[in-house]
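**Q** For the protein sequence lines, the chains are A and B, in the order given. The first sequence: position 3 = 3 (this note's numbering), numbered continuously. The second sequence: position 127 = 127 (this note's numbering), numbered continuously.
Since the hints were derived computationally from the structure, they do not count as laboratory data. Every value quoted in this text rests on a predicted model; they were computed, and no experiment measured them. Worth double-checking, as some hints may not be accurate.
Unchecked claim - Straight-line Cα separation of at most 35 Å, DSBU-like style, residue types lysine-lysine; simulated pairs: (1) B:K139 <-> A:K48; (2) B:K107 <-> A:K137; (3) B:K21 <-> A:K26; (4) A:K163 <-> B:K139; (5) B:K136 <-> A:K26; (6) B:K374 <-> A:K104; (7) A:K137 <-> B:K372; (8) B:K372 <-> A:K163; (9) B:K21 <-> A:K131; (10) B:K9 <-> A:K163; (11) A:K55 <-> A:K131; (12) A:K104 <-> B:K9; (13) B:K401 <-> A:K131; (14) A:K131 <-> B:K9; (15) B:K9 <-> A:K21; (16) B:K74 <-> A:K163; (17) A:K137 <-> B:K21; (18) B:K21 <-> A:K104; (19) A:K48 <-> B:K21.
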Amino acid sequence: MAEGDSELQDLYRDVLLDYFKSATHKGEIAEADIHSHGVNPVCGDEIKISASLTKDGGQESRRLARLRYTGHGCVISQASSAMMAEALEGLSVAEARELAGAFKSMMLRETTPEALPERLGEARAFEGVRKYPMRVKCATLAWNTLIEGLRAPPASAASTEFKEK
Amino acid sequence: MIDPAKIRKDFPILSRRVRGKPLVYLDNAATTQKPRAVIESLVSFYERHNANVHRGVHELSEEATNLVETTRAKVAALIGAKHSHCVIFTRNTTESINLVAHAWGRKFLKEGDEILLTELEHHSNLVPWQMIAQEKGVKLRFIPVAHDGTLDVDSARRLLSPRTKLIAFSALSNALGSVSPIEKILAMARSIGATTLIDAAQWAPHRPIDVRAWGCDFLAFSAHKMLGPTGIGVLYGKEEILDAMNPFLGGGDMIRQVFLDHSTYNVLPYKFEAGTPNIADAAAFDAAIDYLQGVGFDEIERHERALLGRALSVLGSMSEVEIYGPKDLDRQACLVSFNIAGLHPHDASTAIDLEGIAVRAGHHCCQPLMAKLKIPGTVRASFYLYNTLEEVDRLAVAVSKAARFFKKEEAIA
């Protein structure tokens, strides 16, 4: 195998490519409690996250009953969106926010991939992206967009915006 | 004939390795590398001549002033301007265009007026006009881009009206490399008495300019895209128009007399150069122009034609590659924009970067053009006098390797 190929394979690990191809969580929820729109002006990548919440309990303990994404972007941003939707669906708002924070910390090299909670085990495949600072934002776009969405009071069904700097 | 091997020796950075491989620099439309003469000129300025300009009466200040004015005269000669004082130094092309939008647009545009741009403009020749249009109630209209990236000037005639006060357009598209029908657009402007601005950011590094033959009212470009330092740009304007305009920024150097309640303004070009200018970079820009003229624009054009010809032929022969733009050496110059089927340009350019090859990926500050072409962006390889045919071939190998990798992984549909 050529040297360049091993670098490519380290960056685009099979898990990432599988998520990129997956359509399980692709889509938009019409009657969603959370709508959030994220843009990375550097590359023009765009993502829309929608989620419906369970009705029980206080705002922080309501669960992400369904979590979907649409948009266009590179393999890394699309794979990251798919993995996020799979990992966070079913969690409470507070738990989702915490895991999103953990993923971002890993991407920003504040923590190691090994330190990621078990629920985000697959996200360790993004380790290779950390070597390419210009691409880290591709991996974090969906997560930042969701965090923005979780900030708005779900009852208002307000639409939020995340803009990458 | 250009001998790239000889030229490359003048550019220290080109002997660098990137990702363990010899650097192939194909991002020249973003910025170019600097020859040793330019780097040495910067060092020499700070080591021997550093002082502020137009202020001190001391020897160093005089030397620094002379260096800046020497470059100004050289720029004027380079573009065929009648007077040095019609050459204004700015930070870059963007600032030059903003200067016109503010200092000319604020004074001369009225509600109901129209500005004619093109659909392929860089954001720097679009957003400043949007801002002034909103402020003044001016309407923007656009010369359409055909699917091959060329401007449809004939159909643009119906967009002209007595209200068209300005036609501003790029001479060479930074996103597709398509060459604009410069004379045709200028003739169209003359027929209705519209003021003209040429964005020559991509043109000036590669092709000769004669503002008097063209008869354009304004022309803007940047030093850093033509072997010069970053932070120095040029605005050329016709003397009578520059004289009639408002100043741009207020402050030192741009004034004649200052009273507590009002001021009178300096003569050209200083009326538009408020504050301490970018002295060192202006001085070093001189060495870049010397270098380009030493090689000669005819030679540069011949060499780039060969590079682009090879790129169009090797990339064009790959079934998985789609090339945008005219794909014709008489209507396209200096760069090639493409995508690998099914692959986002950022993934493609990361794979290409892993081979030590620097290309640009994305919308190239031309989001409306990308929207028109219905693509998120492209991979762009842009050439200059120090690039070689072997480098173009290395790009082709990297592109085919990337296509193979993602196909093998069946990541692409």
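**Q** Against this structure, judge whether each hint is valid.
**A** Hints, one by one, checked against the model:
no.	hint	verdict
1	B:K139 <-> A:K48	32 Å, holds
2	B:K107 <-> A:K137	42 Å, violated
3	B:K21 <-> A:K26	39 Å, violated
4	A:K163 <-> B:K139	29 Å, holds
5	B:K136 <-> A:K26	44 Å, violated
6	B:K374 <-> A:K104	32 Å, holds
7	A:K137 <-> B:K372	26 Å, holds
8	B:K372 <-> A:K163	23 Å, holds
9	B:K21 <-> A:K131	17 Å, holds
10	B:K9 <-> A:K163	43 Å, violated
11	A:K55 <-> A:K131	42 Å, violated
12	A:K104 <-> B:K9	44 Å, violated
13	B:K401 <-> A:K131	21 Å, holds
14	A:K131 <-> B:K9	31 Å, holds
15	B:K9 <-> A:K21	46 Å, violated
16	B:K74 <-> A:K163	43 Å, violated
17	A:K137 <-> B:K21	26 Å, holds
18	B:K21 <-> A:K104	31 Å, holds
19	A:K48 <-> B:K21	39 Å, violated
Hints 2, 3, 5, 10, 11, 12, 15, 16 and 19 from the earlier list are contradicted by this structure; the remaining hints agree with it.
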